[in-house]
Amino acid sequence: MTDGGAVISVRDAGVRFSRGRRHRSLRDRVLRGEGGLRTDEFWALRHVSFDVQQGEAIGVVGRNGQGKSTLLKLIAGVMIPDRGAVEVNAGVAPLIEITGGFVNDLTVRDNIALTAGLHGMSNTAIAERFDEMVAFAEIEDFVDTPYKHLSSGMKVRVAFAVVSRLEEPIILVDEVLAVGDKAFKRKCYARIDELLAVGRTLFLVSHSETDLRRFCTRGLYLRQGQLIEDGPMAEVLARYESDSSASVEALRKGAG
Amino acid sequence: MTQHPGGVTLAGRPTTSSASARPRRGAPGPMERVAAVWRRRRAVRLLVGRDLKVRYASSALGYVWSVLEPLLMAGIYWFVFTRVVTRSVGEDPYIVFLLAGLLPWTWFSATVGDTAKSLHSEAKLVRSTNVPREIWVLRVVLSKGVEFLLSLPVLLFFALVTGASIGWQIILLVPAALLMATLLLGLGLLLAPLVVLVRDLERIVRIVLRLGFYASPVVFAVPDVPAPWAGLFALNPLSGIFELCRAGFFPGQVHWVHVGLSVVISIVVLLVGWTVFARLERTVLKEI
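Top line first, the protein sequences correspond to chains A and B.
Per my numbering, residue 4 is the first one in the first sequence, and the count goes up by one each step.
Per my numbering, residue 20 is the first one in the second sequence, and the count goes up by one each step.
These are computed hints drawn from the structure, not numbers from a lab.
It cannot be assumed that every hint is accurate.
What the hints assert, rightly or not - Now the in silico label distances, taken between C-beta atoms and shown as ranges:
(1) A:143 x B:219: 45 to 51 Å
(2) B:54 x A:254: 51 to 57 Å
(3) A:211 x B:230: 43 to 49 Å
(4) A:45 x B:242: 57 to 63 Å
(5) B:242 x A:22: 55 to 61 Å
(6) A:138 x B:84: 46 to 52 Å
(7) A:254 x B:290: 54 to 60 Å
(8) B:60 x A:250: 49 to 55 Å
(9) B:169 x A:22: 45 to 51 Å
(10) B:230 x A:45: 54 to 60 Å
(11) B:197 x A:134: 41 to 47 Å
(12) A:227 x B:197: 48 to 54 Å
(13) B:221 x A:254: 42 to 48 Å
Think of the CB as a built atom: it goes at the ideal place given N, C-alpha and C, for glycine as much as any other residue.
Whole structure, please, built from the sequences with the hints as guidance.
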């Protein structure tokens with residue numbers, strides 16, 4: 004059962020990656036157990052716990068490689084934690100690895116139908132929303148061209164148009180807003196505002212302080228895979244900022 | 020925890036429309052996995068439909084192409100084994116005997132080859148959509164299964180042309196297809212994650228399939244195999260399946276021992292394959 008109706012509940016989640024090529028063998032399991040590490044392994048996420056209520060807008064901050072994308076993948080369900088549990092009680096619209104769900108050889112039209120269908124959109128819904136998605140992505144002239152002939156900007160626009168039109172209560176956005184020109188960015192922002200206004204839950208991973216402050220009320224700060232801070236966005240950003248300048252100072256002192 | 024300043028309007032509150040949203044907790048047990056796949060059957064239909072569309076609608080000859088390959092194979096084997104080599108195996112009309120083994124074999128080898136690399140070749144889709152991962156294997160089994168069914172008219176055509184007798188046992192094609200699907204699903208679930216983790220396996224699978232053609236009673240029947248080896252061939256789950264496929268034209272071909280072995284082995288392979296798949300899923304998702 005969920006804790007007081009939390010829509011996402013993460014308990015002591017841990018994800019372990021192997022730096023090398025070998026995978027855990029039976030010997031490793033016996034010698035080191037589930038909590039131990041081989042020398043070439045590291046924890047991308049460790050002891051991460053938090054709850055999310057429906058309607059919250061959460062920003063995830065941290066330096067690159069500190070576990071943000073991994074956390075989003077856990078919530079999207081495309082990665083399974085090695086420790087702990089991730090409980091998600093509502094549908095998720097993932098804008099992560101955003102162009103990954105598209106097939107190069109198919110036309111844009113077929114791709115939209117495929118991706119939308121795989122994410123759970125019914126055929127009638129796809130038919131209804133098709134023109135809207137195409138219009139949002141501004142690719143009316145390219146609907147029947149193979150996906151591989153689109154520019155990377157167009158690809159992102161199509162992907163964003165499709166995934167943002169999924170009627171799911173939770174949206175995950177992974178650094179996608181960094182792509183695209185100003186006009187498209189404004190469209191994206193407007194769309195996200197719309198989605199939030201009807202009570203969707205937002206998870207945003209971004210390096211842009213403006214984006215984070217604009218959309219998110221709560222922040223999660225990940226450092227070396229651990230949840231260092233979980234609180235109001237402004238405080239989390241301040242903590243992140245002070246940590247960054249502290250490490251730059253340390254570097255300078257070390258070099259000097 | 021702060022509330023979003025925009026608030027929540029009940030009228031506009033989005034409800035989960037997709038079939039995918041169910042509480043996701045920890046590791047799902049076997050029954051949950053089956054239920055999860057069933058719930059996303061629309062996704063399976065979508066993918067199979069896409070495969071068939073690519074196969075049949077994209078080329079000018081379409082349907083003809085898909086029967087041409089087994090037809091040509093059957094043609095050359097028939098020629099070699101009736102005109103070139105002195106044949107003392109199988110039954111007459113040989114073309115019917117041959118096709119009744121070659122069509123299911125085509126389903127088998129095409130599926131094993133494709134399921135083995137299914138997770139690897141669809142890596143992008145696998146890592147960006149949250150569908151039960153079994154679907155990538157199931158989709159190949161069903162796509163090739165439909166192609167098998169659509170190639171059966173060729174078999175019937177030759178049966179009529181050569182005047183072969185068609186008995187009530189033709190209905191045994193149904194359990195044959197079900198058994199084959201079970202076996203293929205098990206093998207696919209077993210191989211797909213292993214191929215992601217050990218890339219060389221893909222090549223090994225290809226080689227084994229080529230050998231498997233002669234290790235299976237496609238051009239001959241199990242009783243044709245000399246005494247000490249016949250037992251080994253009987254252990255091949257395809258033996259029972261092929262006999263069921265041939266039953267409609269050659270009722271004497273069915274040996275219920277072989278069929279029984281097929282049933283047992285197919286079910287065991289399915290259980291083992293699914294267990295291995297579930298165990299390796301986590302590692303595969305990191306690797307993809």
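Hints, verified against the model:
1. A:143 x B:219: 45 to 51 Å: Once the Cβ atoms are compared, 47 Å apart, the range 45 to 51 Å for residue 219 (chain B) and residue 143 (chain A) holds.
2. B:54 x A:254: 51 to 57 Å: At roughly 53 Å between Cβ atoms, residue 254 (chain A) and residue 54 (chain B) fall inside 51 to 57 Å, so the hint holds.
3. A:211 x B:230: 43 to 49 Å: 57 Å, violated
4. A:45 x B:242: 57 to 63 Å: Once the Cβ atoms are compared, 59 Å apart, the range 57 to 63 Å for residue 242 (chain B) and residue 45 (chain A) holds.
5. B:242 x A:22: 55 to 61 Å: 56 Å, holds
6. A:138 x B:84: 46 to 52 Å: Violated - the Cβ-Cβ distance for residue 138 (chain A) and residue 84 (chain B), about 38 Å, lies outside 46 to 52 Å.
7. A:254 x B:290: 54 to 60 Å: 56 Å, holds
8. B:60 x A:250: 49 to 55 Å: Once the Cβ atoms are compared, 51 Å apart, the range 49 to 55 Å for residue 250 (chain A) and residue 60 (chain B) holds.
9. B:169 x A:22: 45 to 51 Å: Check passed, 48 Å falls within 45 to 51 Å.
10. B:230 x A:45: 54 to 60 Å: 42 Å, violated
11. B:197 x A:134: 41 to 47 Å: 43 Å, holds
12. A:227 x B:197: 48 to 54 Å: The hint (48 to 54 Å, Cβ to Cβ) holds, given that residue 227 (chain A) and residue 197 (chain B) are roughly 52 Å apart.
13. B:221 x A:254: 42 to 48 Å: 46 Å, holds
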